[in-house]
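All residue numbers for the sequence shown refer to my numbering, where the first residue is 848 and numbers rise by one.
Calculated directly from the structure, the hints in this document are not laboratory data.
There may be inaccurate statements among the hints.
As the list claims (entries may be wrong) - Computed spacing ranges between beta-carbons, pair by pair:
id, residue 1, residue 2, range
1, K862, D889, 31 to 41 Å
2, I888, N861, 36 to 46 Å
3, Y955, G909, 19 to 29 Å
4, K862, L896, 11 to 21 Å
5, M939, D891, 18 to 28 Å
6, A948, T884, 14 to 24 Å
7, F918, R938, 31 to 41 Å
8, E907, S870, 34 to 44 Å
Here a beta-carbon is modelled for each residue, glycine too, at the ideal position from N, C-alpha and C.
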Amino acid sequence: MGEDGSEHDKHTINKTVFWLFLSIGIILTLLFLSGQTFSLIDYDMTVSLGLQESVEEVGEVGIAWANGFAFADTILYIPLLIIGIIGLLKRMDWGLYSMFAAMAITVYWRSSVWQPSSLAGILSI
Numbered sequence: 848m849g850e851d852g853s854e855h856d857k858h859t860i861n862k863t864v865f866w867l868f869l870s871i872g873i874i875l876t877l878l879f880l881s882g883q884t885f886s887l888i889d890y891d892m893t894v895s896l897g898l899q900e901s902v903e904e905v906g907e908v909g910i911a912w913a914n915g916f917a918f919a920d921t922i923l924y925i926p927l928l929i930i931g932i933i934g935l936l937k938r939m940d941w942g943l944y945s946m947f948a949a950m951a952i953t954v955y956w957r958s959s960v961w962q963p964s965s966l967a968g969i970l971s972i
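Construct all of the structure, not just a fragment, from the sequences and the given hints.
Written as C-alpha cells, this is what we have:
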C-alpha cells in the first residue's frame, strides 16, 4: 500500500533513480537548447559562449555538419526530452518511454562519434 492507501502501480520507480533520470533530462534539455537550437539562430554567439566550434577550427563543411545535427536535435531529440520530462513528472508510462528513447539517442550518438578511427585522429595516432 502507498502512503495514500492506494496500491503501488506495477511501474513504480525508485525515487533516487527517478530524480537522477529527471535531472539528467533537464540538464540535457537546457544544454541542447542553448547550444544546438540557439546555434541555428545565431551561430557566432554560440561560438563566443564556447558551445560550438568556430569556422577556423572545423571549416565550412564542419559548420554544415554541426548545423545538420543542431537541426535534427531541435526537431527530434529536444522534443523527446521535453515530452519525457513532462511524462515523468506526471508519472505516465509514455514519459518513461520517451525518456528512454532520448537516452538511447544519447548513447548511440556518443558511440558513433567515438569510433576507433575518430579516436585515433583525436589522439593523433
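Hint check:
| no. | hint | result |
| --- | --- | --- |
| 1 | K862 <-> D889: 31 to 41 Å | 40 Å, holds |
| 2 | I888 <-> N861: 36 to 46 Å | 39 Å, holds |
| 3 | Y955 <-> G909: 19 to 29 Å | 21 Å, holds |
| 4 | K862 <-> L896: 11 to 21 Å | 35 Å, violated |
| 5 | M939 <-> D891: 18 to 28 Å | 40 Å, violated |
| 6 | A948 <-> T884: 14 to 24 Å | 19 Å, holds |
| 7 | F918 <-> R938: 31 to 41 Å | 32 Å, holds |
| 8 | E907 <-> S870: 34 to 44 Å | 37 Å, holds |
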